[in-house]
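Fit chain G to the known structure of chain C by using the hints.
2 protein chains.
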Amino acid sequence: MTAVLAIDAGGTSTRALLVDAGGRCRGFGRGASGNPISSGAEVAAASMASSALAALAAAGAAPADVDLVLLAAAGAGSGAHRDELGRRLAESGLPARPVFASDLLAMFCSGTHLLHGYGLVSGTGAAAIRVDDGRQEAVADGLGWLLGDDGSGFWIGQRVARAALADLDGRGPGTALTTAVRTRLDVPAGLPAREATQALAGYVYTARPVRLADLAVLAFDAAGDPVADAIVTGAARALAATLRAVSSPEVTGPVVMGGGVLARNPALRDAVLATYAGEGDAPQPLVVHDGAVGAAVLALREAGVTVDEAVFGTLVRTVAAQREYPAGH
Amino acid sequence: MTAVLAIDAGGTSTRALLVDAGGRCRGFGRGASGNPISSGAEVAAASMASSALAALAAAGAAPADVDLVLLAAAGAGSGAHRDELGRRLAESGLPARPVFASDLLAMFCSGTHLLHGYGLVSGTGAAAIRVDDGRQEAVADGLGWLLGDDGSGFWIGQRVARAALADLDGRGPGTALTTAVRTRLDVPAGLPAREATQALAGYVYTARPVRLADLAVLAFDAAGDPVADAIVTGAARALAATLRAVSSPEVTGPVVMGGGVLARNPALRDAVLATYAGEGDAPQPLVVHDGAVGAAVLALREAGVTVDEAVFGTLVRTVAAQREYPAGH
Chain C
1 MTAVLAIDAG GTSTRALLVD AGGRCRGFGR GASGNPISSG AEVAAASMAS SALAALAAAG
61 AAPADVDLVL LAAAGAGSGA HRDELGRRLA ESGLPARPVF ASDLLAMFCS GTHLLHGYGL
121 VSGTGAAAIR VDDGRQEAVA DGLGWLLGDD GSGFWIGQRV ARAALADLDG RGPGTALTTA
181 VRTRLDVPAG LPAREATQAL AGYVYTARPV RLADLAVLAF DAAGDPVADA IVTGAARALA
241 ATLRAVSSPE VTGPVVMGGG VLARNPALRD AVLATYAGEG DAPQPLVVHD GAVGAAVLAL
301 REAGVTVDEA VFGTLVRTVA AQREYPAGH
Chain G
1001 MTAVLAIDAG GTSTRALLVD AGGRCRGFGR GASGNPISSG AEVAAASMAS SALAALAAAG
1061 AAPADVDLVL LAAAGAGSGA HRDELGRRLA ESGLPARPVF ASDLLAMFCS GTHLLHGYGL
1121 VSGTGAAAIR VDDGRQEAVA DGLGWLLGDD GSGFWIGQRV ARAALADLDG RGPGTALTTA
1181 VRTRLDVPAG LPAREATQAL AGYVYTARPV RLADLAVLAF DAAGDPVADA IVTGAARALA
1241 ATLRAVSSPE VTGPVVMGGG VLARNPALRD AVLATYAGEG DAPQPLVVHD GAVGAAVLAL
1301 REAGVTVDEA VFGTLVRTVA AQREYPAGH
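Chains as they are written, first to last, in the working numbering: chain C, 1 to 329; chain G, 1001 to 1329.
Bound conformation, chain C alone (with noise of 0.2 Å):
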């Protein structure tokens, strides 16, 4: 083979990279959002395709060079996405029936070369797989935030408005997340509590509900404040429970954890673990922050290259070398 073209689709931001069968990234390129239902069939089709276009620039190279393409995304299983990305590509020159696979396994994925183990993300949604012989076995959780994704980013950033409204509204404590909710929604200091609990429901209801997941990142830095420290462990508890639901006792290996809410707070993922362990030792977890590696090792997988440890490293290593100074700028 010459190279590989493995494409990680996210809600917010598409990545692509090329990649030889010796694990080396030679190309990285990045696209606006991949999610075929937030965004719509068409717009995905389109990023990917840009970032597509964009790593095989970086490298240098021609579409003809790429053996295959893979993808991984959430919701990449519809129709008309698939077929609406299987034009552009092969517009572009590029084959034109791309592999699919699991954004979660994607993501387990850029944590390890390893076949066994677990998978938790917390990101906007939040959702946990197992692992075993380097298929995604089982899943549990990734039901959206209006029936699932507990402990996500919507999860906490929703339970965040809620108390600041409740402090407002003196149905619950006083918490520092009422001022914190005001300041980030720009509700003026001044405002008598029922206006501003007005103001702040009216900014909320205007935006897309998903949005509310902005708001995490509040109960985080209100750390020591009681409110906001409940919903965090509340959502540690959550998240325990998801990775318990899919823990098994024959598939020993690591915990790979990502998502931006996982990534960012050191804390949650040590609270995480320890509900999960129980009496037992908390195992270790292995942090990433997107599925970009993970969807370049199943790529490789799938044109036959079999990634040990040290083609892994040569990824891991490549790969942010690449998204450091990409090539070419």
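Keep in mind the hints are simulated off the structure, nothing from the lab.
Incorrect hints may appear among the rest.
What the hints assert, rightly or not - These stretches of chain C come out as covered by chain G in the derived footprint (C-beta under 8 Å, 3 or more residues):
| no. | segment |
| --- | --- |
| 1 | 91-105 |
| 2 | 194-205 |
| 3 | 298-304 |
Said to hold, decoys possible - Below, a sample of chain G positions facing chain C; criterion: calculated Cβ distance under 8 Å:
| no. | residue |
| --- | --- |
| 4 | G1144 |
| 5 | L1165 |
| 6 | A1201 |
| 7 | V1204 |
| 8 | A1263 |
As the list claims (entries may be wrong) - With the Cβ distance kept under 8 Å, some of the chain G side facing chain C (calculated, not the full set):
| no. | residue |
| --- | --- |
| 9 | D1169 |
| 10 | R1171 |
| 11 | T1197 |
| 12 | Y1205 |
| 13 | P1209 |
Glycine included, each C-beta is placed from N, C-alpha and C at the ideal position.
Below, chain G alone, put in the same frame as chain C:
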């Protein structure tokens, strides 16, 4: 005065009453949703106008007999809606400038002619008010399903759905709610857990979020199931906190309880009042099903009529009779 026309507009249906100065209901009419927020200003205004004309027709009255129109509705304050309603009323020969009133105050006035007390509503949403000298002096919650409405039908129904999914997913305890939700949403009994989870989530996400309120009844039907009981207990605690947020030592009076969730579940009412009263004696609740009588009370007061116990009694009796055996039908 000859007669007043009172319109009580709700999210599900709209009620209109033609009432004379003695409190006699001479005609009762119904229409579709009169909520300008969920149904749009035009549809809501049309529902109100048609229910008003139905009430006139039932009474065999002419538009010229109407001295005053009062509209009790949530969100009645929006300009577009007021303009549209005024236009529709004028077209029908009715007074084109209706008096606007709070739907929560109309609910309170459906339960008592007294001028002081408290109102607590739990239907699709939830809120509490303090009434002093006939005016709504304080309000708590009513902040909608995303940010408030603690203890409402939505709040309960969402927890029912989440508990069923957590059970199916292995994240939460087993509960009778799971079978109840599967049955209610027509998920085949033979479907494996993950497929059932996806089917339930798919069903919910294709509907409007507030439709989760339809599942609230399952929590009451499953009384005795620990998960269902914990949800109902949580709702009682939340509603008691909302009521406490508006309570003042200077205002004593009845607690009028309304909305489908409170009206249909005496055990929930008892639990709310016991939590609210704490060590003291729980107040006796007055239970109402909607704000129709109260809208008429407010319309009569607006027209200068003193609504005493006798007038209120006449109103309650004649409204009930008209609802059961509409004139002219």
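Structure-based check of all given hints:
For the segment 91-105 of chain C, the stated coverage by chain G is violated: 0 residues have a C-beta nearer than 8 Å to a C-beta of that chain, whereas at least 3 were required. Look at the segment 194-205 of chain C against chain G: 6 of its residues bring a Cβ nearer than 8 Å to a Cβ of that chain, three or more, so the hint holds. Counting residues of the segment 298-304 of chain C whose CB lies closer than 8 Å to any CB of chain G gives 0, which falls below the minimum of 3, so the coverage claim is violated. Taking 8 Å as the C-beta cut-off, the interface hint given for G/G1144 holds, the closest approach to chain C being about 6 Å.
A hinted interface residue such as G/L1165 counts as satisfied when its beta carbon comes closer than 8 Å to some beta carbon of chain C; here the least separation is about 6 Å, so the hint holds. The closest approach between the C-beta of G/A1201 and any C-beta of chain C is roughly 5 Å, which is under the 8 Å cut-off, so the hint is satisfied. Nearest Cβ of chain C to the Cβ of G/V1204: about 6 Å, under the 8 Å cut. The hint holds. Checking G/A1263 against chain C by beta carbon gives a least distance of about 22 Å; that is not within 8 Å, so the hint is violated.
Using the Cβ-Cβ criterion of 8 Å, the hint placing G/D1169 at the interface with chain C is satisfied: the shortest such distance is roughly 5 Å. The interface hint given for G/R1171 holds, since its Cβ lies 5 Å from the closest Cβ of chain C, which is under the 8 Å cut-off. The closest approach between the C-beta of G/T1197 and any C-beta of chain C is roughly 7 Å, which is under the 8 Å cut-off, so the hint is satisfied. Below 8 Å, beta-carbon pairs count as interface contacts, and G/Y1205 has one with chain C at about 6 Å; its hint therefore holds.
Interface hint status for G/P1209: upheld, as the beta-carbon distance to the closest one in chain C is roughly 6 Å, under 8 Å.
Hints 1, 3 and 8 from the list above are not met by this structure, while the remaining hints are.
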